[in-house]
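Q: Line order of the protein sequences matches chains B and U.
Mapping of the first sequence onto the working numbering: residues 1 to 115, in sequence order.
Mapping of the second sequence onto the working numbering: residues 116 to 228, in sequence order.
If you're looking for bench data, these hints aren't it; they were derived computationally from the structure.
Ideal Cβ placement from N, Cα and C applies to all residues, glycine included.
What you were told as hints is all true, and nothing was included just to trick you.
What the simulated footprint calls covered on chain U by chain B, stretch by stretch (three residues with Cβ under 8 angstroms from a Cβ of chain B suffice, anywhere in the stretch; the number is not a length): (1) 138–151; (2) 154–161; (3) 165–174; (4) 206–215.
SDA-like, lysine to any residue: derived pairs with alpha carbons at most 25 angstroms apart: (5) B/Lys107 / U/Gln156; (6) B/Lys110 / U/Glu216; (7) B/Lys107 / U/Val227; (8) U/Lys126 / U/Arg224; (9) B/Lys26 / U/Asp215.
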Amino acid sequence: SQQGEEDPQALSIQEGENATMNCSYKTSINNLQWYRQNSGRGLVHLILIRSNEREKHSGRLRVTLDTSKKSSSLLITASRAADTASYFCATEGALGGAGSYQLTFGKGTKLSVIP
Amino acid sequence: GAGVSQSPSNKVTEKGKDVELRCDPISGHTALYWYRQSLGQGLEFLIYFQGNSAPDKSGLPSDRFSAERTGGSVSTLTIQRTQQEDSAVYLCASSLLAGDEQYFGPGTRLTVT
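The following block holds chain B by itself, in its conformation from the complex:
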């Protein structure tokens, strides 16, 4: 069953603009991970944020986590055509609970960056 729900389902922006994707989840988590997928294959790991962290940066990526609202956001700044892909959030269940160590994925946001 799906735990994470990404919003929006699809996003189209011009190159150079920022893209923001949101993820909501339902149960307690150990961490939340964001992935990119091109052409329906090969998930590329982008960033992991742990439940005791609120924000992480990696290059042009910024991820926030609000455990009180059970939500996360992924911001891609200064987007490029090469950023066109589907983006998934995945939650790992709280340690010792159901879903520990296994990732539960949302349905993804399809991002199109127009040159």
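Fit chain U to the given chain B structure using the hints.
A: Quick look at chain U alone, frame taken from chain B:
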């Protein structure tokens, strides 16, 4: 270094046949995971191995599915008596330790005719 590798990249099989899918995790990674991705169900967890502990099989959809991990490294996912609903991309991932980033292989696209 080498990432997670999977073979074959594509597999077409007839309904009722058995298939074996292989995963080579990143060297040194102790945890290995299998997922599948299909149009109808999205990305689903199947099974997880950590070191010598008993695997977490809670995601396997039926007893036709099984997996083993030999020597703490290579893993094989076996689907017996394949059905058309088994058609999906089967993805393998590994992590250094359980709870760390999971790195995915390119997947095996299984088509059951």
